[in-house]
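Protein sequence lines, in the order shown, are assigned to chains P and U.
Quick note: the first sequence uses our numbering, first residue 1, plus one each step.
Quick note: the second sequence uses our numbering, first residue 1001, plus one each step.
Think of the hints as simulated: they come from the structure by calculation, not from any bench.
If you're wondering where the values come from, they're calculated on a predicted model, not measured in any experiment.
Cβ atoms here follow ideal geometry from the backbone N, Cα and C, with glycine treated the same way.
One should not assume that every hint holds.
Unchecked claim - Derived Cβ-Cβ restraints for the label pairs, each shown as a range:
no., chain 1, residue 1, chain 2, residue 2, range
1, P, K24, U, R1205, 44 to 50 Å
2, U, L1486, P, S44, 49 to 55 Å
3, U, T1554, P, A145, 50 to 56 Å
Said to hold, decoys possible - List time: in silico SDA-like cross-link candidates among lysine to any residue, alpha-carbon distance up to 20 Å:
no., chain 1, residue 1, chain 2, residue 2
4, P, K74, U, P1006
5, P, K74, U, A1201
6, U, K1313, P, L33
7, P, K78, U, P1125
8, U, K1134, U, P1006
9, U, K1313, P, D130
10, U, K1313, P, L149
11, U, K1225, U, E1195
12, P, K78, U, K1225
13, U, K1134, P, V29
14, P, K24, U, L1183
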Amino acid sequence: MAAPELAPAPSGDVHTLSLYVNNKPGVLVRVALVFARRGFNIESLVVSASAHGDFSRMTIACRGDRAQLEQIVKQLQKLVDVVHAVDHTGDQAYETEIALVKLQADLEERAQILQIAEHFGAKVVDYGQDSLMLRVYGSTEKLDAFMGLLKPLGLNELVRSGKVLMARGLQAT
Amino acid sequence: MTQKVPTGAERLVQALEREGVEYIFGLSGGAAIPIFDALVDSKIQLVLVRHEQGATHMADGMARATGRPGVVLVTSGPGATNTVTGLLTANMDSAPIIVICGQTLTANLGKDAFQEADVTGITYPVVKHSYLIKDPREIPRVVKEAFHIATTGRPGPVLIDVPKDVSSAPCTAPFVEVKDLQLPGYHVPGRGKAELVARAAELLRASRRPILYVGHGAVISGAGKAVMALAEKLRAPLVNTLLGKGAADETHALHLGMLGMHGTAYANKAVADCDLIFSIGARWDDRVTSKVEAFCPQAVKIHIDVDPAEFNKVLRPDLCIEGDARLVLEDLLPLVEPCDSGPWLRQCNAWRRQFPLRYPKKGGLHAQHVLDRLQALTQGSAVITADVGQHQMWAAQFCKTTTNRHWITSGGAGTMGFGFPAAIGAKFARPEAEVWAVVGDGGFQMTLCELATAAVHRLAVKVLVINNNYLGMVRQWQEAFFDNRLSGVDLEGNPDFVKLAEAYGVKGLRIRRPADIDRRLREARDHDGPVVVVAEVVKEGNVFPWIPAGAPITDMLIEPPRRKLEKPSGST
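Isolated chain P, as found in the complex (with noise of 0.2 Å):
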């Protein structure tokens, strides 16, 4: 299997952020609240346990102009829950997600869909009559390219994880 390779550098207006919350109720509609409340659309979100029981990650990845991002990761530690909030944008950080796809395919549409999916280091997870399933991860950037490719091969179902990152080094995430 192909090792995940490392993402690129996002380019221009995604950003990904990384916050450190308690793991209390409603600390992601305070967090939601404050991308709302300026117009900020979320690409992704990804809320999961931390290292440490009392305390969630989230990631979370959306497109906006810097200056409003800038107010934006202001806001976020302003809220009491929030331990801290980084924007890694243009960060030495490692970035993943993961996909799993759905194709409706025949025996010679088969044959050239297990070939990218090869190429792209997917597995196959399911493997049916009438379907195949895929999963596979990587940069966002790569599962777009994969995404796009399998688009007129019988693609039925995509579902994305959304971006996790973490800092490289001992630098904090």
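Dock chain U against the given chain P, drawing on the hints supplied.
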């Protein structure tokens, strides 16, 4: 004999007592009965209001008059949603209030139970922080956190939602201290970074036309003395925002009064011409900057704020110092040297002489005349609250504030109905102080049911109603920008406010002519109890100076324009 185990409600009330709470403004209801019951045996005095919005403004007025948090207690559902306007008002103006709401049983949450409202959900955008207590053991900690968060850093409202089963259950959880709190995401700035303070001193040294722009942050941190010391040492003029009134003495020779949309002409001219503007806890609000790109582009900008989210929000200052205004100024003072500001001060004083605040004393009764006389009578010794509208701007212009926390009004939210209940709160907090509420006929009618509250407590609040039978500020806009097509501003059907006051058992007085002003104001002042003084002013008075919203401040109108005005590009 075993000691009785307290209920959650009793523990809650004990926790409030430990915070030094003397008054709670509230209105009861089913889900809050256990808490009201616990208040029966408490030394905390419950002030029963007539509408929950009034309770929030009373708590807010108390908080702004003292710096200590005001507390509100209401029931679930509509009782709780009626506090939303008060929360917004407190949040916009950084006022520390604690709103405690009863809530339906925990097991009923989300089931549309009677008088259920998701009040934490509804209020997220208008609180500094909020709690829904699901376990009675959390009560002492939540109360301690709520007071800590409401009063420190940039203050603000905190809401605590208490389900009825939580307030009814036994609770023996120990009380906690601030040092026991786990708030890793909450940081209270103190002193400014030394290198930034030094940099501020350097920038000030290079300035010949500096101006200090004093905001609510200076009031909240009690920075007044340091502000005056800085102004005097630098020999720099100062201006304040609507909410910054009182931090520094507005009658001081270096003080140019309020700046902004309806500020003094000389304050705005000085701001437009300065080479350095130094915000001390002021947030470059749109009432001040108007057209941001044109807001003294030539000037070096320095900004002190306890809330770093205010930095680079409206404009990008040359230097931002995160910290408490008083502490930062105290560190800065020894580093600054007098500016070579002689010509600059002479220029400012020339503007002051050339463009004084003016108003007609003939042709009927003018609101400005009444407020000018109120100023002459009280000389800054009274706590003055103002509602929202034309009378608020006139009061801000004519009632010069000399003492911190003597001026209370809703600035950010512009909440009509705020002024009168805020005065009630201020009077409870400071019974020795003379307290005047300056209100308009529109705003007064939004919360005047609290006349009953004032009457019951024989609270000597003096309400001065500037009655022009219009929603005057909007009428002024419609006259200037919309060809005088009046829409939704005529308050035809106003009651006789004197009779209305009397119906509540409150003394009512009327001012019809300029000759009545002093006599009636004195009579109101000397009466030992609440008074409503109604000034029947000319209907079509307008507030000047005036910077149309969104226009550069250099486009200020000092007098009524002769030409038709363009519709303003600013929001409101």
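Consistency of the hints with the structure:
{"no.": "1", "hint": "K24(P) to R1205(U): 44 to 50 Å", "in the structure": "holds (49 Å)"}
{"no.": "2", "hint": "L1486(U) to S44(P): 49 to 55 Å", "in the structure": "holds (51 Å)"}
{"no.": "3", "hint": "T1554(U) to A145(P): 50 to 56 Å", "in the structure": "holds (55 Å)"}
{"no.": "4", "hint": "K74(P) to P1006(U)", "in the structure": "violated (42 Å)"}
{"no.": "5", "hint": "K74(P) to A1201(U)", "in the structure": "violated (27 Å)"}
{"no.": "6", "hint": "K1313(U) to L33(P)", "in the structure": "holds (18 Å)"}
{"no.": "7", "hint": "K78(P) to P1125(U)", "in the structure": "holds (13 Å)"}
{"no.": "8", "hint": "K1134(U) to P1006(U)", "in the structure": "holds (17 Å)"}
{"no.": "9", "hint": "K1313(U) to D130(P)", "in the structure": "violated (56 Å)"}
{"no.": "10", "hint": "K1313(U) to L149(P)", "in the structure": "violated (43 Å)"}
{"no.": "11", "hint": "K1225(U) to E1195(U)", "in the structure": "violated (23 Å)"}
{"no.": "12", "hint": "K78(P) to K1225(U)", "in the structure": "violated (29 Å)"}
{"no.": "13", "hint": "K1134(U) to V29(P)", "in the structure": "holds (18 Å)"}
{"no.": "14", "hint": "K24(P) to L1183(U)", "in the structure": "holds (13 Å)"}
When the structure is compared with the earlier hints, violations turn up for hints 4, 5, 9, 10, 11 and 12 and for no others.
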